[in-house]
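Participant: Residues per chain are reported as follows:
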Amino acid sequence: MPANPALKKPHNSIIEINAQDIATHELNNQLKQAVAAGANKILMKNVCGQRYIGTDINSPVEIEIEGTPGNDLGSFMNGPRITVHGNAQDGCGNTMNEGEIVVHGHAGDITGLSSRGGRIFIREGVGYRTGIHMKEYGNKKPIIVIGGAAQDFFGEYMAGGVLVLLALNMKDSDYHRTRYMGTGMHGGVIYMRGRLESHQLGREVGTAELNGADHEVLSGLVGQFAGHFDLNADKILRHEFTKLFPLYHRPYGRLYAY
Amino acid sequence: MKTFIPSKFIVERDPARCIQCQVCVNQCSFAVNSYDAADNEVMADENNCVGCHRCVVFCPTNALNIRKNTLDYRENYNWRPEAIEDILKQAETGGMLLTGMGNDKGYKVYWDHILLNASQVTNPSIDPLREPMELVTYLGRKPDRVEIDPVTHTLKNAMPPQVKLNVPVMFSAMSYGAVSLNVQHSLARAATEAGTFWNTGEGGLHASLYPYGDHTIVQVASGRFGVHSKYLNAGQVVEIKIGQGAKPGIGGHLPGEKVTAEVSRTRMIPIGSDALSPAPQHDIYSIEDLAQLVYALKEATGYRKLISVKIAAVHNVAAIASGMVRAGADIIAIDGLRGSTGAAPKVIRDNVGIPIEMALAAVDARLRQENIRNQASLVIAGGIRNSGDIAKAIALGADAVYIGTAALIALGCTACQQCHTGKCAWGICTSDLALTKRINPEIGSRRLVNLLRGWAIELKDILGGMGINALESLRGNRLHLRGIGLSDNELKILGIRPVGD
Ligand code: SF4
Ligand code: SF4
Chain A
1 MPANPALKKP
11 HNSIIEINAQ
21 DIATHELNNQ
31 LKQAVAAGAN
41 KILMKNVCGQ
51 RYIGTDINSP
61 VEIEIEGTPG
71 NDLGSFMNGP
81 RITVHGNAQD
91 GCGNTMNEGE
101 IVVHGHAGDI
111 TGLSSRGGRI
121 FIREGVGYRT
131 GIHMKEYGNK
141 KPIIVIGGAA
151 QDFFGEYMAG
161 GVLVLLALNM
171 KDSDYHRTRY
181 MGTGMHGGVI
191 YMRGRLESHQ
201 LGREVGTAEL
211 NGADHEVLSG
221 LVGQFAGHFD
231 LNADKILRHE
241 FTKLFPLYHR
251 PYGRLYAY
Chain B
1 MKTFIPSKFI
11 VERDPARCIQ
21 CQVCVNQCSF
31 AVNSYDAADN
41 EVMADENNCV
51 GCHRCVVFCP
61 TNALNIRKNT
71 LDYRENYNWR
81 PEAIEDILKQ
91 AETGGMLLTG
101 MGNDKGYKVY
111 WDHILLNASQ
121 VTNPSIDPLR
131 EPMELVTYLG
141 RKPDRVEIDP
151 VTHTLKNAMP
161 PQVKLNVPVM
171 FSAMSYGAVS
181 LNVQHSLARA
191 ATEAGTFWNT
201 GEGGLHASLY
211 PYGDHTIVQV
221 ASGRFGVHSK
231 YLNAGQVVEI
241 KIGQGAKPGI
251 GGHLPGEKVT
261 AEVSRTRMIP
271 IGSDALSPAP
281 QHDIYSIEDL
291 AQLVYALKEA
301 TGYRKLISVK
311 IAAVHNVAAI
321 ASGMVRAGAD
331 IIAIDGLRGS
341 TGAAPKVIRD
351 NVGIPIEMAL
361 AAVDARLRQE
371 NIRNQASLVI
381 AGGIRNSGDI
391 AKAIALGADA
401 VYIGTAALIA
411 LGCTACQQCH
421 TGKCAWGICT
431 SDLALTKRIN
441 PEIGSRRLVN
451 LLRGWAIELK
461 DILGGMGINA
471 LESLRGNRLH
481 LRGIGLSDNE
491 LKILGIRPVG
501 D
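If you're matching them up, the sequences are chains A and B in order. Under the working numbering, think of the first position of the first sequence as 1, with each following residue one higher. Under the working numbering, think of the first position of the second sequence as 1, with each following residue one higher.
Bound-form chain A, shown alone (with noise of 0.2 Å):
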């Protein structure tokens, strides 16, 4: 493979990566370089469509993109911080375990799969089955923040971790369009803001209204999701938000005879 010059530069450097024309393997491997040069923070330019950037590596490492990432961005990921100025496609953040995605656009379906940690901010909307078997474990928490709507099956099979959706395109008194949110959902909690009709909910999943812990952990979010796009976060903590939990933590107990 071509030698990035880039990647001479000493420790604690910028690398550039011109992802122009580059397949996902030589990109991924041009990444896994800088990393192993010391880079703490990689610029990848003109990316369009390469997968699995960020996988394998197992380092807090900042990395930008420009362009259009590929599917599975992030998948399998350790530790990385990545920021897309552009949308991400399907299965970003799939299986991810620590890091951070943040995303300056949308992202397709299956966002944050199957996650264990980390945190998912994306600016705009996001596609089908987002955050479906998200779980936790001890310390690890995936959280995933949406500031504008979501497709179907929203947080499907959820077992952990929080997912926020704060529709920030629609109006207080406009209804979703998702349907089949949290079905199979027995762990984690979502807020959302927008209306729903009850037909929309997974038949696993309760509404209530957030109490005092529930709005501590939202302005939480809330706050780190305005700063990454600059937006104003009590002015989107104003808006009415609702929580959506797991009615039963064995939703499948009584299912088998002997």
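Honestly, the hints are just simulated from the structure, not real lab data. A portion of the hints provided could be inaccurate.
To be verified - Computed cross-link-like contacts, PhoX-like style, restricted to lysine-lysine with a CA-CA straight-line distance of at most 20 Å:
no.	chain 1	residue 1	chain 2	residue 2
1	A	Lys171	A	Lys235
2	A	Lys141	B	Lys230
3	A	Lys32	B	Lys230
4	B	Lys105	B	Lys8
5	B	Lys105	A	Lys140
Got chain A sorted already, so can you dock chain B with the ligands onto it with the hints?
Facilitator: Positioned in the frame of chain A, the structure of chain B with the ligands alone reads:
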């Protein structure tokens, strides 16, 4: 209305031999035997007996016998006892019937209709005791052609990663939670000693098992339990589990009771929480998506590990396998109709899928037709019982086999089909600490190594008889097989000729 189902077994205790030592009371985890201090008598509540023989073999005076209860309903081929009793159970509870182990129905076992060849007169057989015999198998993608440097006699092309098996037998995926940690330790040690692999299943990898990484296959399934970068890099192979022979198309569900402190740490979920494995992996809805996960895992493991994809044998298996190879899988693992499980809905276990013999023959033939057979190794599972089955599988085109039930039987399992109850009296399929200590990993691993050694010797004998000195020469060599009692169509799919032909 309470359901009355006659007990399946009768516990016979010979009063002349019974010394009231109560060993059977302690050994039976199904609470069949009890001691009445007032009468100084050991008694049995036979309704709970599952016929696991634990009490029989542990009784110091051989006082016990377990007999099938011959109490009969009126003879009716359609309404056999199982059909009647299943209905009674469901009418009582309104639930699905759950079961363990593999399909116990009488579907044709094709291994029993295939016979092996041997040399007579026209070519000599080989004596494996005194001549070298090669069973070593390498799994992994093989290059389309091999170029040798004429001067140095070394390989010129880059070789994709391979793993080496000293015997063509690996231990099937059995997760921590489904089986106990002592069972996994037995498997891991045995795999290391025998030069083969064991498979974590989808329950993560317990910290104490990381040292066996060189002989470990780590699984990634729909629940993604315990999957993180250290785990992915801990073994030599990462297996994407799409399906399982005992329950094709079905997800899984480890009930909260089995998620003990240690299981919780390994699966990385809270203690006592249900572990749901969704039916599909929601990042795989197509062959293209599979390719994406295959390469995500290759990327996550720096292209140093092999990626295996495991599916259940279903009707279109050949076409699916072709797609899997094209998706970049280094190993295709196929689990047949008789593959086992720690728990599955009975209706699925008993009715879904196809026998592995047919699936194997169809897949191997298809991959050869498409000239992509070299791009992936083929591993099969689902009811392999002995070295004869293995030799036939290799001749039908398998590179290696997985054994699950056979390995558990080596550890004491009597195939009583109670794995889903968590009460396994042999301490195998349970997380009850009082039961799990019944398996000693030291002894367990020795027994497994013994089994593999025995099979290896037999395989060499089979090869020698055929006049072949390397397993590689038997691989896909269907001329060494003949079918007996099979229809023309079955012979055609198996790609073998009838006996006498
Ligand atoms: S140990 Fe097994 S065979 Fe003996 S009584 Fe209990 S269930 Fe029956
Ligand atoms: S593992 Fe245990 S419960 Fe399952 S069939 Fe074997 S002996 Fe019975």
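Participant: Compare the structure with each hint and give your call.
Facilitator: Results of checking the hints against the structure:
no. : hint                  : verdict
1   : Lys171(A) x Lys235(A) : 13 Å, holds
2   : Lys141(A) x Lys230(B) : 18 Å, holds
3   : Lys32(A) x Lys230(B)  : 17 Å, holds
4   : Lys105(B) x Lys8(B)   : 17 Å, holds
5   : Lys105(B) x Lys140(A) : 45 Å, violated
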